[in-house]
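Between the sequences and the hints, there should be enough to build the whole structure, so can you do that?
Numbering follows this note's numbering, with no gaps: position 135 of the sequence shown is 187.
Think of the hints as simulated: they come from the structure by calculation, not from any bench.
All values reported here derive from a predicted model rather than from experimental measurement.
Treat the hints with caution; some may be incorrect.
Claimed, not checked - Listed next, the in silico DSS-like pairs over lysine-lysine satisfying Cα-Cα at most 27 Å (straight line):
1) K350 x K319
2) K233 x K88
3) K627 x K384
4) K415 x K279
5) K522 x K350
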Amino acid sequence: MYCDVSGVCPSPTTGYAADTFSAAINYIIAAQCLIKEDWPPNANVLNHAQFHFIIIGGGSAGCVLANRLSEVPEWNILLLEAGKYPPVEAIIPNMDTGLFLSEYDYQYYTVNNGRTNQASVNGTCYWPRGKMLGGCSEINGKIYIRGNRVDYENWVAAGNPGWSPDIVECYFRKLENLKDKELAKNPYIKKFYGQTGPLNISTYDTDNKYRELGEYVLSAWDDIGFKTVPDLNVAGVMGSGITRVTAYKGKRVGTAQAYLNPIRTRKNLKILTEAFVTRILIKNSQAYGVEVDVKGKKLCVYASLEVILSAGTINSPQLLLVSGIGPEAELKDKNITCVANLLQVGKNLQDHLSVPIFVAANKPGESNIHEEYLDDLKYLYNRTGHLAHATYFDVLAFYSRVNNASYPEFESHLQIYWKNSTVLQKYLSTIVGYKKEIVDFLINENRNHALYCFVFNLLHPHSRGTITLKSNNPYDHPLIDANYLKDPKDLQATVDGIKMLTKIVYTRYFRATNAYIFRIKWPQCDVFEMDSDSYWKCYALNFLLTIYHPVGTCRMGPNPADPVVDPRLRVHLIKRLRVIDGSIMPTITSGNTNGPVIMIAERAADLIKEDYFVISKGACEKKRSTLKC
53 MYCDVSGVCP SPTTGYAADT FSAAINYIIA AQCLIKEDWP PNANVLNHAQ
103 FHFIIIGGGS AGCVLANRLS EVPEWNILLL EAGKYPPVEA IIPNMDTGLF
153 LSEYDYQYYT VNNGRTNQAS VNGTCYWPRG KMLGGCSEIN GKIYIRGNRV
203 DYENWVAAGN PGWSPDIVEC YFRKLENLKD KELAKNPYIK KFYGQTGPLN
253 ISTYDTDNKY RELGEYVLSA WDDIGFKTVP DLNVAGVMGS GITRVTAYKG
303 KRVGTAQAYL NPIRTRKNLK ILTEAFVTRI LIKNSQAYGV EVDVKGKKLC
353 VYASLEVILS AGTINSPQLL LVSGIGPEAE LKDKNITCVA NLLQVGKNLQ
403 DHLSVPIFVA ANKPGESNIH EEYLDDLKYL YNRTGHLAHA TYFDVLAFYS
453 RVNNASYPEF ESHLQIYWKN STVLQKYLST IVGYKKEIVD FLINENRNHA
503 LYCFVFNLLH PHSRGTITLK SNNPYDHPLI DANYLKDPKD LQATVDGIKM
553 LTKIVYTRYF RATNAYIFRI KWPQCDVFEM DSDSYWKCYA LNFLLTIYHP
603 VGTCRMGPNP ADPVVDPRLR VHLIKRLRVI DGSIMPTITS GNTNGPVIMI
653 AERAADLIKE DYFVISKGAC EKKRSTLKC
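Spelled out as structure tokens, the structure:
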């Protein structure tokens, strides 16, 4: 903008200034090449190669298992991941949404059931899932939540005694490495978290602008009874507070970074990326290997001890089904020979649905695009600035309809869009996928007001969905029926939780910003009185989304007539086969699920070691009274 039409700067110069600025620009360009990780090497695996364990899926659970099982030097481990190594966008905390709808995302969509999501294009809900080493831990929002003790008491009540609150707490501590020095000054919080685990747990170093707005919202939540607590995990995820995250020093810490990079020279572990498993090999009710497509080349590799399926809540049941494990009638319909008639494969699907509640306000005003560009450069220089923290605000609220409750029913995330936001349209059109008339309406509202988006989550749905096969072709995406809000109790709870949340506009801060909740024009809901139960029921059904926490489709339990795996995560009716990922949860945990999935893998690794060695109880069980792993 300071050059004439010929592109030449009109100011006279000796050349010194031009050289200085050119050198600075070259430094900035080169600095982006320093944003990298030392990923483990890709192995060369021959057809008919044999290992002790084959792990299918190098995601949040698979990376943990690869690390822990290869601690046994006598075991040879093969980790198979369908995706590639994570790109630079997976390292930079603020760029997670840049991975959505890319080759690093499976890009799943729910089926159109004609009942929910009708404000979205095609009546479907977009479900991003990580397709890269580290899986969803490399694409998620990095929020670290353990859940509530009652979550695990419920698992035990369902017939899974090895998953009590005391046991899982010890495995959480085993995986954690608390890096927040300020937080660690509180002796109670420091004692609560593990200090030496592989996974760095910290807090974003947000700038004053973000932290100030977050504190205003925390004060407003506090005003309506969602009391602010020093740490949400310590409080059993009740109240509101600043989130703990799997990020440190301006970089994401996924399970690939935490569990694989430190052991990349371990000789008994081979990692193979772009390796899509098409079938589990089974003979005489016993798994003995896998069929895998490696960049178009078909291989068969064998496991002398176990095949471990850690492909996630969608892919794990799909692979069981195409391998002949599942409801016999469904398999026969897809011309698949049934080798184990397990009725619950792909059933029991649960997710934390989300409903975005938009609040318009006079503050904040427009963001300064020039300041944002300068802030981007700060990240290249020293890993600070807005790129070093999340796309969302790092505050959460957990609450319940019950006074003085110790178990949460609802959660709320927060996103704030400055007036005339440059990112709102992308969020609404691509990630959310609302229809054009909805997007245009919200963009128009944003022209004159900032938008606070309070993302409401129902934590413990009664409704259950399914994962079923579209065909017997393993490359075809399965059919996802989330079945959100099918149970009337879920719909009423959602309305009650939303109405509790919307009281925030009457708090001191939001009154000072002239905040209000507006009706989003949608014909099916326009007939209902604003803020009535009928309106919010209609709104929730039509505008709901996912907060990316699907679990439960290979649930564990002792009875082979109902669950898919036993409490040691061994598949019922099939020997030498386990499922170890979020799909084994009998019921969904309170809050973001990535932390519990990593805990599951840590616990499962010890169960496997116990099964193959005559040893005393694992350290976490033996010393659970001291919570020392």
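Hint check:
A C-alpha spacing of about 25 Å is found between K350 and K319, which places the hinted pair at or below 27 Å, so the restraint holds. A hinted pair counts as satisfied when its Cα atoms are at most 27 Å apart, and K233 with K88 qualifies at roughly 25 Å. As the CA atoms of K627 and K384 are separated by approximately 22 Å, the hinted pair is consistent with the 27 Å bound. Annotation: proposed proximity of K415 to K279 holds, straight-line Cα distance about 23 Å (limit 27 Å).
Restraint check: the Cα-Cα separation between K522 and K350 comes to about 22 Å, which is no more than 27 Å; the hinted pair holds.
Comparing the model with each earlier hint shows no violations; every hint is respected.
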